[in-house]
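Undergrad: Residues per chain are reported as follows:
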Amino acid sequence: MPPQSSKEITKLLVAWSDGDDAALNQLAPLIHAELHRLAHQYMSRERPGHLLQTSALINEAYIRLIDWKNVRWQNRAHFFGVAAQLMRRILVDFARDRQYLKRGGGVVQVSLSEAGSFVIQRSADFVALDEALKALAEIDPRKVKVVELRFFAGLSVEEVAELLKVSKETVMRDWRLAKAWLLRALDGEFVGS
Amino acid sequence: MKDRWQEVERIYHLTLEKEASERSTFLVQACAGDQTLRREVESLLTYEHDAEGFMEAPALEVAARIMAGEHAPIRAGDRFNQYRILSMLGAGGMGEVYLAEDTSLRRNVALKFLPAVLTKDKTHLRRFEAEARAVAALSHQMSASSTR
Chain W
565 MPPQSSKEIT
575 KLLVAWSDGD
585 DAALNQLAPL
595 IHAELHRLAH
605 QYMSRERPGH
615 LLQTSALINE
625 AYIRLIDWKN
635 VRWQNRAHFF
645 GVAAQLMRRI
655 LVDFARDRQY
665 LKRGGGVVQV
675 SLSEAGSFVI
685 QRSADFVALD
695 EALKALAEID
705 PRKVKVVELR
715 FFAGLSVEEV
725 AELLKVSKET
735 VMRDWRLAKA
745 WLLRALDGEF
755 VGS
Chain R
94 MKDRWQEVER
104 IYHLTLEKEA
114 SERSTFLVQA
124 CAGDQTLRRE
134 VESLLTYEHD
144 AEGFMEAPAL
154 EVAARIMAGE
164 HAPIRAGDRF
174 NQYRILSMLG
184 AGGMGEVYLA
194 EDTSLRRNVA
204 LKFLPAVLTK
214 DKTHLRRFEA
224 EARAVAALSH
234 QMSASSTR
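Chains as they are written, first to last, in my numbering: chain W, 565 to 757; chain R, 94 to 241.
In isolation and in its complexed conformation, chain W is listed as follows (with noise of 0.2 Å):
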């Protein structure tokens, strides 16, 4: 992606988080663009023991994809919180739009009483992921913010800490409940506090 599309997604980012969610639809093909660039290396590139080149591939779409580093914003943590807001939404999306097509293919699920036997979707984990962080954000927005910081837009505990304005310690206090509480709301166990 040459330079001029980092700074073009930056605009439309400026434009969505001003509530144009027509930016939205020129954004997302930029995200599944690189989506597709990324799962062509793994399908070509990948083999047992390599694995180590995963980190330094992602690291590069996140910064293809918004020149993190180099980004001249009057609020960092604002444009951060908005594109990692952004790559969940267009995340979900996507996961979303893949249920739906496989149910459009003709995969057959068998429920459990049937057959003891179904079809484990495994990108709907996006989905029911999103769900129980909208949970969370009722409880407690700031460990959400966290969760989309680290997962969604890919940013390290220091990072994160010096968006939100917090120690390290509070980030990873924060990030471990949070997984601890979405793995329990994904697990169906969800009782609230």
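Calculated from the structure, these hints are not laboratory results. Keep in mind that this is a model prediction, so the values were computed, not measured. Where a beta carbon is used, it is the ideal one built from N, C-alpha and C, also for glycine. Fair warning: there could be bad hints in the mix.
Not everything, but these chain W residues come out facing chain R in the computed CB check (under 8 Å) [said to hold, decoys possible]:
{"hint": "1", "residue": "Leu-599"}
{"hint": "2", "residue": "His-600"}
{"hint": "3", "residue": "Ala-603"}
{"hint": "4", "residue": "Tyr-626"}
{"hint": "5", "residue": "Phe-643"}
{"hint": "6", "residue": "Met-651"}
{"hint": "7", "residue": "Phe-658"}
{"hint": "8", "residue": "Asp-661"}
{"hint": "9", "residue": "Phe-716"}
{"hint": "10", "residue": "Leu-728"}
{"hint": "11", "residue": "Trp-745"}
{"hint": "12", "residue": "Leu-747"}
Given chain W's structure and the hints, the job is docking chain R onto it.
TA: Below, chain R alone, put in the same frame as chain W:
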């Protein structure tokens, strides 16, 4: 509600600072007879271990792997719904079979993953379902299929 959650959070982290053998005693003391509070913290603590690897790969990587046709190798600790992968039992042209723990029923099951190319073929899918029925009838172990 907010105070309640802060209390859950505070006790959760305090409990984690204790040695594993002292945790349950500490939890009972810290909750001072509040059974709802104790159960809530306890329930979250049961997910602590499993949550370790959860979401550690960035979302973009997860999505790219899904797009790559879920060719990412399945590893011990990976979760599919309520199943947690323990180890691979075997692999062949017809798919891969893994030993997994059913975390809701607390028992081990065999999980079979069909290659994606097979699941497009209805004959194969039907055969797979028949196989799953046979397995379910033969034992109380459960075999679940997946499109990869």
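Undergrad: None of the hints should be skipped; say for each whether it holds.
TA: Results for each hint:
The criterion of a C-beta within 8 Å of any C-beta in chain R is met by Leu-599 (chain W), whose closest approach is roughly 5 Å, and the hint holds. The restraint placing His-600 (chain W) at the interface with chain R holds, with a minimum CB-CB distance near 7 Å, inside the 8 Å limit. Taking 8 Å as the C-beta cut-off, the interface hint given for Ala-603 (chain W) holds, the closest approach to chain R being about 4 Å. The criterion of a C-beta within 8 Å of any C-beta in chain R is met by Tyr-626 (chain W), whose closest approach is roughly 7 Å, and the hint holds.
With a least beta-carbon distance of about 17 Å to chain R, the hint placing Phe-643 (chain W) at the interface is violated under the 8 Å criterion. Restraint check, Met-651 (chain W) versus chain R: the minimum CB separation of about 6 Å is within 8 Å; hint holds. Evaluation of the Phe-658 (chain W) hint against chain R yields a held restraint, the C-beta minimum of about 6 Å falling below 8 Å. Of the supplied interface hints, the one on Asp-661 (chain W) is violated, with its beta-carbon coming no nearer than about 11 Å to a beta-carbon of chain R, more than 8 Å.
Checking Phe-716 (chain W) against chain R by beta carbon gives a least distance of about 5 Å; that is within 8 Å, so the hint holds. For Leu-728 (chain W), the interface hint is violated, the least distance from its beta-carbon to any beta-carbon of chain R being 16 Å, above 8 Å. Interface hint at Trp-745 (chain W): satisfied, since its Cβ lies 6 Å from the closest Cβ of chain R, which is below the 8 Å cut-off. Below 8 Å, beta-carbon pairs count as interface contacts, and Leu-747 (chain W) has one with chain R at about 5 Å; its hint therefore holds.
Checked against the numbered hints above, the structure violates hints 5, 8, 10; every other hint is satisfied.
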